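Engineer: Here are the chains, one letter per residue:
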Amino acid sequence: QSALTQPASVSGSPGQSITISCTGTSSDIGDYTYVSWYQQHPGKAPKLLIYEVFNRHSGVSNRFSGSKSGNTASLTIAGLQAEDEADYYCASYTNANTVGVFGGGTRVTVL
Amino acid sequence: EVQVVQSGAEVKKAGESLKISCEGSGYTFSKYWIAWVRQTPGKGLEWVGVIYPGDSETRYSPSFQGLVTISAAKSTSTAYLQWSSLKATDSAIYYCARVGVVVPAAVNSYYYVMDVWGQGTTVTVSS
Numbered sequence: 001q002s003a004l005t006q007p008a009s010v011s012g013s014p015g016q017s018i019t020i021s022c023t024g025t026s027s028d029i030g031d032y033t034y035v036s037w038y039q040q041h042p043g044k045a046p047k048l049l050i051y052e053v054f055n056r057h058s059g060v061s062n063r064f065s066g067s068k069s070g071n072t073a074s075l076t077i078a079g080l081q082a083e084d085e086a087d088y089y090c091a092s093y094t095n096a097n098t099v100g101v102f103g104g105g106t107r108v109t110v111l
Numbered sequence: 001e002v003q004v005v006q007s008g009a010e011v012k013k014a015g016e017s018l019k020i021s022c023e024g025s026g027y028t029f030s031k032y033w034i035a036w037v038r039q040t041p042g043k044g045l046e047w048v049g050v051i052y053p054g055d056s057e058t059r060y061s062p063s064f065q066g067l068v069t070i071s072a073a074k075s076t077s078t079a080y081l082q083w084s085s086l087k088a089t090d091s092a093i094y095y096c097a098r099v100g101v102v103v104p105a106a107v108n109s110y111y112y113v114m115d116v117w118g119q120g121t122t123v124t125v126s127s
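These protein sequences, in sequence, are chains A and B.
The opening residue of the first sequence carries number 1 in this note's numbering; numbering runs sequentially from there.
The opening residue of the second sequence carries number 1 in this note's numbering; numbering runs sequentially from there.
Each statement offered as a hint is correct.
Some chain A residues near chain B, calculated using beta-carbon distances under 10 Å:
1. A3
2. K44
3. P46
4. E52
5. D87
6. S92
7. V101
8. F102
9. G104
Hints were generated in silico from the structure; no laboratory data involved.
Values in this document were obtained by computation on a predicted structure and should not be read as measured data.
By construction, the Cβ of each residue, glycine as well, lies at the ideal position given by its N, Cα and C atoms.
Start from the sequences and build out the full structure, keeping to the hints where you can.
Structural biologist: So this is what it looks like as structure tokens:
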């Protein structure tokens, strides 16, 4: 399956806001509100942040928020902190297969 | 505490078979789908497939259909991912995860959200 398109890296200073984009097609993000975001620190398992575009998973800071416009979903991290330095993956339902599709991942660096 | 715990790292030779496991605890194992996801070194996440332990319904990513087998044993709250003949390209970290949210997206088609992840099993295959 074709992966969703994410920028390879995004960086920001502590306290700033950053936005990670995730671009798909009408087979996935464009026609459905079924997008998830996962955070993965180096050497660790992924953790669920957001599901169904904007719903925060239990215990996730409200500094993380999700949105969608057309074929592109976005994850915004407000008030960037050192602990936010990690890889972030989007995922979406797709009508092209029976399981779903992931984005290629974005490395967030806190300057 | 809800958790899924995976079996340990494996080192194999090409052509050998392998079965790795994922044990769920702290919840009713048979009522939640289990997903398998692959991560190759320095690369991203890829769907392998999902299984519903209640009736063993299984769905595979097209990239893995016919190459691996996913199964589950309700009696031991354990899901499995197995290969009959490994290749060097199967070297990766394999994660299992509980699917906490399942949304019917279309006829016989679902959106899966993985809310509890295992620690990962590293599989190394030498040629």
